[in-house]
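Here is how the chains run, residue by residue.
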Amino acid sequence: MQTLTLNVNGHNHTVSVSSAGMPLLWVLRDVIGLTGTKYGCGIEVCGACTVLVDGQREHSCVFDVSSAVGKKIMTIEGLSADADGQEAQQAWIAHQVPQCGYCQPGMLMACVGAMKDGHHGSEIASEIKHICACGTYQRIRAAIKTL
Amino acid sequence: MNATALIRPTRSCVQRVGLTRRELLVRAAAGGGLMVGFSLPGVGESLAQTAATRYRLSTWIVIGNDESIVLQIPATEMGQGIMTGLAQVMADELRVAWNHVKVVHATVDAAHGGTNAGPWGRFTGGSLSTRLFAPGIRQAAANAREMLVAAAKSQGLSGALTASNGFISNGSKSLSYGTLASAAAKVVLPGNAALNQYPRSFVGKSVARVDIPAKVNGSARFGIDVFLPGMVFAAVKHCPTIGGTVGNIGSKPAGAMAMVPVSTQPGQQANGVAVVAATTWDAMRAARSLPVNWALPIDAASNDTAAIQARAVWLMNHATPVVAAQSANVSHLSQGLAAPNVAIDSSYSLPFLAHAAMEPLNCTVRYTPGSPGSCEIWAPTQAPDAVTGTARSLCPAGTVIKVTNTLVGGGFGRKFEQDFIHEAVQVGLATPGTAVKLTWPREEDFAHDQFRPMALSRIRAAVSASTGRISAWSHRIVTPSISAQRGADPGALDASAVDGAVELPYTMSPYRVEYIRHDTTIPVGYWRSVGMSINSFAVESAIDELAAAVGADPIQFRLDNLADQRMIDVLNALKLLSNWSTAPLPGRARGVAIAKGFGSWVGQVAEISDNGSSGAVIVHRVCTAIDVGTAINPDAIKGQIEGAVAQAMAATFWVRQTFVNGVPQVRNFNRYRPVRLQEMPQIDVRILQGGGVGGVGEPGVPCVAPAIANAYARLRGEAQRKRSLPFFPGTTLGGL
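Protein sequence lines, in the order shown, are assigned to chains H and E.
In terms of my numbering, the first sequence opens at residue 1 and continues consecutively.
In terms of my numbering, the second sequence opens at residue 1 and continues consecutively.
Bound conformation, chain H alone:
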């Protein structure tokens, strides 16, 4: 077992994991109990597990937890305390985006990550290749247009 300290949404969590190579996704979900970040495919195709690590969009399903040590991790649970995050959340609500909602944490994190990279509107939309099985894309596009 290895003991690591992670900074998630501004809080430090000291965790024990079986391997330094354990994906960040499962440390967040099964060790810390922050279940907002979702498991979708495990092969960085669907985007549901997207988080920000030092502001960069990362697929937490393949991101070694040891690589996140000493960095600032932001998950969907941290969005309400972030100015860009609040803006994106409001746009998502205004356009009634989510259906089942399972992919939306990843969609929102990708959107906020793109906002933090200085992108706006359709620039953000062109970067999001996540999968939404409910097909909420038209609303995501409309919501992003306002950002």
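It is possible that some hints are incorrect.
Pair by pair, the computed Cβ-Cβ distance ranges are [claimed, not checked]:
id	chain 1	residue 1	chain 2	residue 2	range
1	H	ALA20	E	GLN665	30 to 36 Å
2	E	SER581	H	ALA142	45 to 51 Å
3	H	LYS72	E	ARG716	48 to 54 Å
4	E	GLY398	H	LYS71	51 to 57 Å
If you want a taste of the chain H side facing chain E, the calculated C-beta under 8 Å gives, among others [as the list claims (entries may be wrong)]:
id	residue
5	VAL31
6	TYR39
7	GLY40
8	ALA83
9	TYR137
Hints are computed from structural coordinates only; laboratory data are not their basis.
We put the CB at the ideal spot given by N, CA and C, even for glycine.
Starting from the known structure of chain H, arrange chain E on it as the hints suggest.
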């Protein structure tokens, strides 16, 4: 288990309004307040009659002394907005302040009908939730309102009383529902309260969905998010070959706490091994490295896509069909097909499909031994009462079973099934006293789905060149039977297999629709719009081929062959919405399709163009006109149509499950290519309200593939028409 009866409710069940005394129950709420509950008969009358108690409580409206209004609904929220829609129906009759309303899934226990489940009991599917539950909720809410009025009278409020915004008022003085609730619980109403006493404030409006705020801040809890103190995690590994079972299991891999052989159905041999570990990832890793000797089924080689397709062709040509429907003058069929009428003879094929919901299958179980012991289950399920039954079949007699149905991260019919529940309960029993969450790795979710059946259809039909009327229609369908695979009489007609091929809105005559059961051991199940996802493709493609054969405009040809006024109204609305009478931009083509099902009438027009040399197609716009009877929340209806179009577009162009020697080949999204944001067409929806209440979740699916196929035939010419789905098999999805 046979869910057919439940998916196809009796007419009386859907149309009935008003509640008998036996169905409406009133009690004092725990902690003070009023609870008004109602039950509906088991969805299929036949099922209800076999149950020990005919009626089961499933819905409660709870008015608290603290002014809270909690609506406990029997349907599962899967993103369709059922929490909001049913609350709107309640709010209009109860006359409450919207911000006091909270909606939850009704508990699955004795007080809420969870103890007397039939094989499926409470379930969410068939685009039925509004149709089944809205009338009862409306009546229960009206009755609750009149009980509050009576309570206000008994507390000295005199004169003409009105209910509004959570208060009963006589114009000068008001009493809040919270203060009246306990007294109202003692009121005995002489009968059902009158409906429509007040103008509607909520029904018909695009009220913001109550489930959305939690879905943008990470607080929404799906089944996979259940997190309990001290819990452990499990992942399953199934035999890669369909029908294979566990032979010998190797020694416990590093990191594994336990290994549990699991079966997906009662009475079956184990076909998988669940590995329990400290985290889901440790469990998945250990499961991957676990050596298992599988006992392979003798029929593995027959479960091969090429062999299955060849068998479908053989059955089409040689098997004796069951007649699903025919006209009285069917003996004139060959005459109708003969010259001078212009005939077509076309075959259409469709593949097995996975459900591919974003939330993989999962279920959490905490079994606590004792006398009696208890079994607590948390699951993203479309059929919570069936979960109770599954647990009862596995737990020691007398075990107290409690099921919590969580939010569902995409169901599409997959989360009716009990395979993942059955496995999770077995794992829970093997880890007594400890909560365990079983998750299917995505690869298992794809490979061991209960697939939308493949199908082969042949339509021979003809049209009179002089009248433009369909002169003969003969449709033969070869497809596996979902219900026969679950124990229904294999000789009987599987109604869901011919759904969308019978009771067509057209006036075609003579006609005959035939069905041939294609037996397979590949598990088949209910996929959004079920039989219509198959048959509407064949029917609406053939209708277009007939139109093309006589050079008719596809919409005018349909109008000329329709007598169903609601379908005609939909088609005329669609014609306007899609600018049908104006030619599309150069390089573009439009196609149309219509369907009637799930209590609604729908038509769609797809506008497409070539995507350069790649052979692919761009869908620019999909217009939908839909008569849903009564639109409770128009924006939620639009959302369902948007989603249905995206899902059906992927099924039109790219996705399928294939098998080689019994081994499913698609195991993740990299080979099951959904529509992505950049490919999503503009979706426009026109909602018609022809009366009654129709379904919304599924009707958006069936017309998409034929509308696109019909547009494609116009774009490339009839000779290039696509009669096999998907258009472009083998297209993969790269990384991000």
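Against the structure, the hints:
Checked against the hint of 30 to 36 Å, the C-beta distance between ALA20 of chain H and GLN665 of chain E comes to roughly 34 Å, which is consistent with it. Taken as a hint, the range 45 to 51 Å is violated for the pair SER581 of chain E and ALA142 of chain H, whose Cβ atoms sit roughly 28 Å apart. Roughly 53 Å separates the CB atoms of LYS72 of chain H and ARG716 of chain E, a value that falls within the hinted 48 to 54 Å. Between GLY398 of chain E and LYS71 of chain H the CB atoms are about 53 Å apart, so this pair conforms to the stated range of 51 to 57 Å.
The criterion of a C-beta within 8 Å of any C-beta in chain E is met by VAL31 of chain H, whose closest approach is roughly 6 Å, and the hint holds. Given hint, TYR39 of chain H at the interface with chain E, holds; its Cβ is 7 Å from that chain's nearest Cβ, closer than 8 Å. Interface restraint check for GLY40 of chain H: the shortest CB-CB distance to chain E comes to about 6 Å, inside 8 Å, so the restraint holds. Among the interface hints, the one on ALA83 of chain H is violated; its C-beta lies about 15 Å from the nearest C-beta in chain E, farther than the 8 Å criterion.
Evaluation of the TYR137 of chain H hint against chain E yields a held restraint, the C-beta minimum of about 4 Å falling below 8 Å.
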